[in-house]
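For this one, chain A is given, so just place chain B on it according to the hints.
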Amino acid sequence: DAGVTQSPTHLIKTRGQQVTLRCSPISGHKSVSWYQQVLGQGPQFIFQYYEKEERGRGNFPDRFSARQFPNYSSELNVNALLLGDSALYLCASSLGPDPDNYGYTFGSGTRLTVV
Amino acid sequence: GESVGLHLPTLSVQEGDNSIINCAYSNSASDYFIWYKQESGKGPQFIIDIRSNMDKRQGQRVTVLLNKTVKHLSLQIAATQPGDSAVYFCAENMLTFGGGTRLMVKP
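Protein chains in written order, with the working numbering: chain A, 1 to 115; chain B, 1 to 107.
No lab work stands behind these hints, which were simulated from the structure alone.
Remember, it's a predicted structure, so these values are computed and weren't measured experimentally.
Accuracy of the hints is not assured; some may be wrong.
Simulated pairs of lysine-lysine, BS3-like, Cα-Cα distance not exceeding 30 Å [stated by the list, open to error]:
id : chain 1 : residue 1 : chain 2 : residue 2
1  : A       : Lys-30    : B       : Lys-42
2  : A       : Lys-13    : B       : Lys-42
3  : A       : Lys-52    : B       : Lys-42
4  : B       : Lys-56    : B       : Lys-71
5  : B       : Lys-106   : B       : Lys-42
6  : B       : Lys-56    : B       : Lys-68
Computed from the model, here is a short list of chain A residues facing chain B with C-beta under 10 Å [unchecked claim]:
id : residue
7  : Gln-6
8  : Gly-40
9  : Gly-42
10 : Pro-43
11 : Gly-56
12 : Gly-58
13 : Ala-92
14 : Ser-94
15 : Gly-103
16 : Tyr-104
17 : Gly-109
Cβ atoms here follow ideal geometry from the backbone N, Cα and C, with glycine treated the same way.
The following block holds chain B by itself, in its conformation from the complex:
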């Protein structure tokens, strides 16, 4: 069946560095993607989204890139802070979620 997956289960970065979290998807018909952040004991929190007719979208300190040719999605976090430590999920049309990447920020 269709799936959305992540390449790296754990990412450790130094405070102030930039972080890149990757996601691969298999359904070429998908037209909407979302990144969520989930902290321990909480539900997922919306970070940023992108439609399939876009290649890039920027928010506050976050950028999502979409490469439809290779069915790849990435989340870039600039100047990573300790508060960014969490598990990050990509989602496809709110129906399929990746397995998650844990981001650990070292002070």
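Chain A extracted, bound-state conformation:
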């Protein structure tokens, strides 16, 4: 069975550009969460989507946005990229939104480098 798949695996962008990252959840999973992991730190929660609705949002600027499609895949968009946006972006999927009832499975992430 396919796990959580993220694309692309690596990406290099220039400051000021926009980027779109993609996540395909495990089949049957309806919840997708996005995290930013700066090198040497733990993941930071960005968004959670469940049944195509935003269910939670972390402390990130409005340059960050996301959406979930009818097939439950998701995209994370970041506008006006800054050098500080360089990080590993992780996607996690689960059957439902509540972590204590439904286990979260992470993908391997997209490594974004802003130059």
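Chain B alone, transformed into the frame defined by chain A:
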């Protein structure tokens, strides 16, 4: 704001020894905690979880202890193996993660 943090950034142990990784949290209302293992180039992998109505939970070679009085969480790995070498994170309700502890296992 609320935070989850770790006391030791790096832990080096001998193969076969037991390892203990610690985590402090600040949100006394937290009710669910998870330990993750992350190997280089991979996403975090679930190890074990515990709800706030429990003090201890055991898995295969791993035990998580929760002390709500002092808001402290620990992960114990028995008979540590080279394959356990990784960065370990504690997480609170999948919303707040600690900074991570690197576990290095010496053969």
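Evaluated hints:
1. Restraint check for Lys-30 of chain A and Lys-42 of chain B: the C-alpha separation of about 22 Å stays at or below 30 Å, so the hint holds.
2. A distance of roughly 22 Å separates the Cα atoms of Lys-13 of chain A and Lys-42 of chain B; the hinted pair therefore holds under the 30 Å criterion.
3. Among the hinted pairs, Lys-52 of chain A with Lys-42 of chain B is consistent with the structure: their alpha-carbon atoms are about 27 Å apart, no more than 30 Å.
4. Between Lys-56 of chain B and Lys-71 of chain B the alpha-carbon distance is near 14 Å, which keeps this suggested pair within the 30 Å criterion.
5. As the CA atoms of Lys-106 of chain B and Lys-42 of chain B are separated by approximately 22 Å, the hinted pair is consistent with the 30 Å bound.
6. The suggested pairing of Lys-56 of chain B with Lys-68 of chain B holds, with an alpha-carbon distance near 11 Å, which does not exceed 30 Å.
7. The interface hint given for Gln-6 of chain A holds, since its Cβ lies 8 Å from the closest Cβ of chain B, which is under the 10 Å cut-off.
8. Look at Gly-40 of chain A: its Cβ gets to within about 8 Å of chain B, closer than 10 Å, so that hint holds up.
9. This hint holds: Gly-42 of chain A has a C-beta 3 Å from the nearest C-beta of chain B, less than the 10 Å allowed.
10. Hint status for Pro-43 of chain A: holds, given a least beta-carbon distance of 5 Å to chain B, under 10 Å.
11. Contact between Gly-56 of chain A and chain B, as hinted, is supported at the beta carbon level, the nearest pair being about 7 Å apart and thus within 10 Å.
12. For Gly-58 of chain A, the interface hint holds, since its Cβ comes within 10 Å of a Cβ in chain B; the closest pair sits about 7 Å apart.
13. Interface restraint check for Ala-92 of chain A: the shortest CB-CB distance to chain B comes to about 8 Å, inside 10 Å, so the restraint holds.
14. A least Cβ separation of about 9 Å between Ser-94 of chain A and chain B falls short of the 10 Å threshold, and the interface hint therefore holds.
15. Taking 10 Å as the C-beta cut-off, the interface hint given for Gly-103 of chain A holds, the closest approach to chain B being about 6 Å.
16. Taking 10 Å as the C-beta cut-off, the interface hint given for Tyr-104 of chain A holds, the closest approach to chain B being about 6 Å.
17. Taking 10 Å as the C-beta contact cut-off toward chain B, the hint placing Gly-109 of chain A at the interface holds, the least distance being around 5 Å.
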